[in-house]
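**Q** If you want the building blocks of each chain, they are given just below.
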Amino acid sequence: MKTEKSVSELSQSLGAAAEGDLERRISGVAPLESASRTDISFVESERNLRQAVASEAGCVLVPQGLQLPGKTVIRVRNPRYAFARVLELFFPRSAPRPGIHATVQIGRDVQLGSDVEVGPYAVIGDGAIIGSRCLIGAGCVIGEECVVGEDCTLYPRVTLYPRARLGSRVILHSGCVIGSDGFGYAFEAGRYHKFPQIGTVEIGDDVEIGANSTVDRGALGATRVGAGTKIDNLVQVGHNVQIGSNCAIASLTGISGSAIIEDFVVIAGQVGIGDHARVQKGAVLGGQCGILPRKTVRAGQTVWGTPARPIKDYLAQQALVARLSKKDKRVVNGE
Amino acid sequence: MKTEKSVSELSQSLGAAAEGDLERRISGVAPLESASRTDISFVESERNLRQAVASEAGCVLVPQGLQLPGKTVIRVRNPRYAFARVLELFFPRSAPRPGIHATVQIGRDVQLGSDVEVGPYAVIGDGAIIGSRCLIGAGCVIGEECVVGEDCTLYPRVTLYPRARLGSRVILHSGCVIGSDGFGYAFEAGRYHKFPQIGTVEIGDDVEIGANSTVDRGALGATRVGAGTKIDNLVQVGHNVQIGSNCAIASLTGISGSAIIEDFVVIAGQVGIGDHARVQKGAVLGGQCGILPRKTVRAGQTVWGTPARPIKDYLAQQALVARLSKKDKRVVNGE
Amino acid sequence: MKTEKSVSELSQSLGAAAEGDLERRISGVAPLESASRTDISFVESERNLRQAVASEAGCVLVPQGLQLPGKTVIRVRNPRYAFARVLELFFPRSAPRPGIHATVQIGRDVQLGSDVEVGPYAVIGDGAIIGSRCLIGAGCVIGEECVVGEDCTLYPRVTLYPRARLGSRVILHSGCVIGSDGFGYAFEAGRYHKFPQIGTVEIGDDVEIGANSTVDRGALGATRVGAGTKIDNLVQVGHNVQIGSNCAIASLTGISGSAIIEDFVVIAGQVGIGDHARVQKGAVLGGQCGILPRKTVRAGQTVWGTPARPIKDYLAQQALVARLSKKDKRVVNGE
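Residue numbers (this note's numbering), protein chains in the order written: chain A, 323 to 657; chain B, 323 to 657; chain C, 323 to 657.
Just so you know, not all the hints are guaranteed correct.
The list treats identical chains as one, so a pair stands whether inside a single copy or across any two.
[Said to hold, decoys possible] Below, computed lysine to any residue pairings styled on SDA-like, alpha-carbon distance capped at 25 Å:
1. K603 / I633
2. K651 / V375
3. K634 / F412
4. K649 / G627
5. K516 / E366
6. K617 / Q640
7. K603 / P385
8. K634 / L646
9. K327 / S454
10. K648 / P420
11. K393 / A424
12. K516 / A549
13. K617 / S358
14. K649 / V426
15. K393 / L371
16. K634 / A621
17. K617 / K648
18. K651 / Q427
Hints were generated in silico from the structure; no laboratory data involved.
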């Protein structure tokens, strides 16, 4: 059962050149600090050079320029990516076990593709379409007329509200809720009246969404998450939010209604984005920062703080206040 | 199946006056930017006037003073509210389908009102009472001796811990947990000992709580959410918190134990409220602000920042620091 | 059914001395403000002395030094802890009802200890091991080869991903997800590629984790939560995080990948901890503060703000800015 490969075989799988003991047998993967002589590991930059030199790893994936004298190495352009590929060699995804568990409740006019696996106690509503080779975990609830593309994985206890649409190769972790009502009310006569949330939600191809995250449906129109975007655990995406492709959004971030996140945006943890804000292509939002409603973060900009400003300004302001405060204490203390 | 109504009929439903082509047929609803000639839309204020003029909407709900020359309009006091009513005309709530799914597990001495719908794999504990016309979604778990009022909607996979009480017309979105143990311990002999959480939780009439939000039971006594209060996704309400009526609480906000939120308070996203704090009637808490334990926010006040202060002060402080920092950079650069 | 005990009996149970009416009958527990003559209550310090004097409580647990003239008291070292013990006398944990519900799906080679209770619609994967006297709630999903120690309580709808390991006496509240994939990708050729998350997660003895919290498995190696640590609702613990023993972590806190939290750390609500940060033994992190990636918080230090600094510095900086801003306003207004 255990996989074992020579350095030479691994380098060929990666289409890369190896240096050192090409016949060495590698049977495991590990980070530098805990790797043994039969493990392969990786180093991304000079920063971890000392750790790489000290490591007992039998083989190290290294970037082009880096020298590791005396070590067996495979030279690659992107060691982290190459390591992910090696992981897939040693730990292939467990083979699907197609089949619909006897307890699954399936509505009328449901279409299931080929080789679908559905776990115990899942519920699939009328008119839903599930693509081939999907894995629907135990206890998932797929609402009426939902569309799930091919090769999707829904871990146990995911809820799709009616009419949610997923692309292909989407991964939804346990407890995710997709398509819940947005937070929309009209205040009249001293109380809130529900603004019916009749829109939809569309999740693009290759999106992954973390455990217990929530994506609301549109009030009118659709909430959208673009292809290749990755969302961490416990993230909230509000109604009518438009997220572009290939974004990364870390845990506990909240995105308010109708905000627009363009492609390749990187959002750290606990960031708050106000309604109708726009974050342009490739912007980076620092941890816990807050973008005000209707504000724009320019393409490529890195911002921090609440309200968010260019990170250089934020750091300069923090440093100034720290300096003034120290001086102030000396004055107060009569130094 | 498709609803179609004349402008005249719509204005009569709203008890409002129409101007323009009263016989025009309206068959859909849409926001201004995407509305077609058969859609009705709405405009709330001068701010969106240009968008309203440019819109192709066949009819626009407008506030009393606003002029939209050449457009067919219906004049209403609160366009957003009127639009919500129109949405209900075009998209009536799907008719309930009363019936208890064959797989539902029902405990001893459970009382179910008339026309209740319970979805597959729901579990209802001993002694629970469910009011008439409630919809209990698939996979919900209703603990022992819970009380659910009339006309409530529990979306799939909601958990009510034992003895939780809901009023009528309560909406709980998927993944909500109501009545979990509060975060209470006594530290003794070098470790935390659980402080038994034996209280209850009471959710008032017309409350809506978003997906994956959590409301803890009281340690002793009850945690309470007042009538008409609306809570967004991923919100945490701690033990013994007392929330008044008609509050709005946005996503990822956390309210610590025994805090008091009076009526008509508005809380933006990611706000933190310390234990035993009090937020008086009608106060507004800005996004990501932090109220310290045992502090009071005065009635009607708008606050921001951590620790929270009046928003005018917060903005003045932010502006001052920005100004000083710019001056400081000029000095450093010898300008 | 109702428990009733004399003050004398209660003091003996606690191994403590009583003063006043030792024969008084106590039949309930309540906080000072709502206690009646048949209730026992507690006071922790001088701060609540006035409330204690005014209380109608029939008996009050008081710390050694505190005088409450005319009241019947029991003197204890830690009144909060003693009160928790009294609560257990009056409200003993409901007796387990061992038995596996007929609807439970149990995989191959599962080992169940004695006196285990498993609720309706739970799913237990192949090779899982569940210790004696565990309570597994309705709708829980226990992945393949998970190990659950003895006397654990999993409330309804908890998910354990495959190979998660729990110690003994662990409590997981409803909606918890343990062992989901960490947020790890390699960016290559213009898009994110999943970094396989093949590690595990280990939860120590006596850990309690709140509703809808998430703990990711390690990428390689394990994510660990040490014995006796208590985690509130809606907390995110990232991949390969190492949390020590006897920590307390409040709601909506996020801990990024590979961060290290040593023993006895106290973390307030909505704190953000960057990847590879280290929080040393006994440190205290103030609400909403942010620890930067790779930073260290020193043992015993209390920090606040983002980026976090010693609380004295943070408060001094806040005070200075407030003072300057007031002066600035006077200048602007020509006062």
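**Q** Are the hints correct? Go through all of them and say.
**A** Evaluated hints:
For the homomeric pair K603 and I633, the shortest alpha-carbon distance inside one copy (17 Å) is at most 25 Å, but the shortest distance between copies (31 Å) is not. Taking CA atoms no more than 25 Å apart as the test, K651 paired with V375 passes in neither setting, with 46 Å inside one copy and 42 Å between copies. For the identical chains of this complex, K634 and F412 are neighbours neither inside a copy (43 Å) nor across copies (51 Å), given an alpha-carbon limit of 25 Å. Taking CA atoms no more than 25 Å apart as the test, K649 paired with G627 passes in both settings, with 24 Å inside one copy and 20 Å between copies.
In this assembly of identical chains, the alpha carbons of K516 and E366 lie at most 25 Å apart only when taken from different copies (17 Å versus 52 Å within one copy). With identical chains, the CA atoms of K617 and Q640 are at most 25 Å apart both within one copy (22 Å) and between copies (17 Å). In this assembly of identical chains, the alpha carbons of K603 and P385 never lie at most 25 Å apart, being 28 Å within a copy and 37 Å across copies at closest. For a Cα distance limit of 25 Å, the shortest separation of K634 from L646 qualifies both inside one copy, at 18 Å, and across copies, at 15 Å.
Taking CA atoms no more than 25 Å apart as the test, K327 paired with S454 passes in neither setting, with 32 Å inside one copy and 42 Å between copies. For the homomeric pair K648 and P420, neither the shortest alpha-carbon distance inside one copy (66 Å) nor that between copies (64 Å) is at most 25 Å. For the homomeric pair K393 and A424, neither the shortest alpha-carbon distance inside one copy (54 Å) nor that between copies (58 Å) is at most 25 Å. Only between protomers do K516 and A549 lie at most 25 Å apart by alpha-carbon distance; the minimum there is 14 Å, versus 31 Å within a single protomer.
In the homo-oligomer, the alpha carbons of K617 and S358 never lie at most 25 Å apart, since the shortest distance is 51 Å inside one protomer and 28 Å across protomers. When the C-alpha separation of K649 and V426 is checked against a cutoff of 25 Å, the pair qualifies neither within a copy, at 69 Å, nor between copies, at 68 Å. In the homo-oligomer, the alpha carbons of K393 and L371 lie at most 25 Å apart inside one protomer (12 Å), although the nearest pairing across protomers, at 69 Å, exceeds that limit. Taking identical chains as interchangeable, the C-alpha atoms of K634 and A621 lie at most 25 Å apart only when both belong to the same chain, with a minimum of 16 Å there against 30 Å between chains.
In the homo-oligomer, the alpha carbons of K617 and K648 lie at most 25 Å apart only across protomers (22 Å), although the nearest pairing inside one protomer, at 34 Å, exceeds that limit. Proximity of K651 and Q427 under a CA criterion of 25 Å is satisfied in neither setting, with 69 Å inside one chain copy and 66 Å between copies.
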